[in-house]
Amino acid sequence: MTTPEPAPSGAIYDLGYQGYEGPRLGRLYALWSLYLLSLRNAFGIGRGALPKVLAFGLVVFAFTPAVVTLIVGAVVPADDFEIFAPRDYYGIIQFILVIFVAAIASDLVGNDRRSRTLALYFSRPIERDDYALAKIAALSSSLLALTVLPQVVMFAGNALGAANGLDWMRDNVDDVPRFVASGLILCVTFGAVGILVASYAERRAFALISVVAIFFVSLTVVGIIISEIDSDQVRWSLFLSPLHVIDGSTAYIFDAIPQVDEFSRNGEPINQVAWADFPGYIWPLASLAWAALASAIVVRRFRGSI
Numbered sequence: 001m002t003t004p005e006p007a008p009s010g011a012i013y014d015l016g017y018q019g020y021e022g023p024r025l026g027r028l029y030a031l032w033s034l035y036l037l038s039l040r041n042a043f044g045i046g047r048g049a050l051p052k053v054l055a056f057g058l059v060v061f062a063f064t065p066a067v068v069t070l071i072v073g074a075v076v077p078a079d080d081f082e083i084f085a086p087r088d089y090y091g092i093i094q095f096i097l098v099i100f101v102a103a104i105a106s107d108l109v110g111n112d113r114r115s116r117t118l119a120l121y122f123s124r125p126i127e128r129d130d131y132a133l134a135k136i137a138a139l140s141s142s143l144l145a146l147t148v149l150p151q152v153v154m155f156a157g158n159a160l161g162a163a164n165g166l167d168w169m170r171d172n173v174d175d176v177p178r179f180v181a182s183g184l185i186l187c188v189t190f191g192a193v194g195i196l197v198a199s200y201a202e203r204r205a206f207a208l209i210s211v212v213a214i215f216f217v218s219l220t221v222v223g224i225i226i227s228e229i230d231s232d233q234v235r236w237s238l239f240l241s242p243l244h245v246i247d248g249s250t251a252y253i254f255d256a257i258p259q260v261d262e263f264s265r266n267g268e269p270i271n272q273v274a275w276a277d278f279p280g281y282i283w284p285l286a287s288l289a290w291a292a293l294a295s296a297i298v299v300r301r302f303r304g305s306i
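Residues in the sequence shown are numbered consecutively from 1, following our numbering.
Treat the hints with care, as some may be off.
Claimed, not checked - Pairwise CB distance ranges (calculated):
{"no.": "1", "residue 1": "LEU285", "residue 2": "GLU228", "range": "26 to 32 Å"}
{"no.": "2", "residue 1": "LEU285", "residue 2": "TYR200", "range": "23 to 29 Å"}
{"no.": "3", "residue 1": "GLU268", "residue 2": "ASP232", "range": "18 to 24 Å"}
Quick caveat, the hints were computed from the structure, so don't treat them as lab data. These numbers were taken from a predicted model, which means no experiment stands behind them. Glycine included, every Cβ here is placed at the ideal spot set by N, Cα and C.
Turn these sequences into a full structure, and let the hints steer you where they fit.
Pasting the structure below:
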């Protein structure tokens with residue numbers, strides 16, 4: 001006779017778990033939190049020493065022309081004082097801006113992919129489009145610290161250096177909306193292109209090299225094409241170089257596109273922009289088109305499987 005098996009038994013333990021009854025702040029709050037976190041990460045806040053040194057070191061380099069203007073202006077007043085013209089400032093720090101974008105973009109999107117935290121983000125109210133746009137907005141906003149803020153300091157330095165600062169400010173106040181507008185266009189374009197390139201690079205080193213390449217290699221190649229190929233049709237190749245487009249946008253906003261001469265075609269990028277002889281308003285629109293196209297591709301990238 002077989003012994004019957006004992007009936008299964010169980011026990012219920014009250015561990016005190018309760019459902020969440022607090023406020024649910026929703027998608028916008030989650031998006032805002034991701035943007036602020038990404039903005040902090042751009043400057044290494046909440047991270048190790050190396051990211052902080054890199055980010056703030058580049059900011060210091062970007063501020064150098066503005067600080068020099070401020071110091072000299074405070075010490076040596078003059079009737080007509082202007083060490084660095086506002087329209088030239090972004091060209092002076094162009095290399096620093098590209099290095100900043102290359103270094104920060106790879107961290108903003110690369111770290112999440114390498115640490116496999118994207119699925120965790122997308123399990124919250126944040127949509128994939130939100131994630132992509134928040135990263136672009138964070139990088140674009142961080143660039144303001146290297147573009148518009150130094151211009152404000154430089155404007156103050158030029159005012160201090162003038163014999164009559166108030167008169168100088170009244171005469172040059174029109175430069176303020178110009179450097180703000182050109183700076184915003186630059187930041188959005190650089191931010192979108194940087195995140196686009198970094199989102200496709202699997203390793204940080206590849207992201208760094210790729211971002212630098214898309215700016216400077218395209219600048220060099222397009223410059224050679226314009227110089228060496230004797231055809232008016234090659235002027236359209238300028239739109240393939242983000243730095244040519246940004247230079248044209250800034251020059252148009254400041255009404256500073258140079259006159260064309262026999263050397264323009266073989267000269268600096270801004271001279272090649274002048275040689276192309278497109279309507280000036282094309283350049284800001286082309287910059288925004290670069291930003292819009294890059295943003296659309298980034299959004300599409302994150303909609304897929306990463």
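Hint-by-hint comparison with the structure:
1. Checked against the hint of 26 to 32 Å, the C-beta distance between LEU285 and GLU228 comes to roughly 28 Å, which is consistent with it.
2. Distance hint check for LEU285 and TYR200: the Cβ-Cβ separation is about 26 Å, which falls inside the suggested range of 23 to 29 Å.
3. Checked against the hint of 18 to 24 Å, the C-beta distance between GLU268 and ASP232 comes to roughly 20 Å, which is consistent with it.
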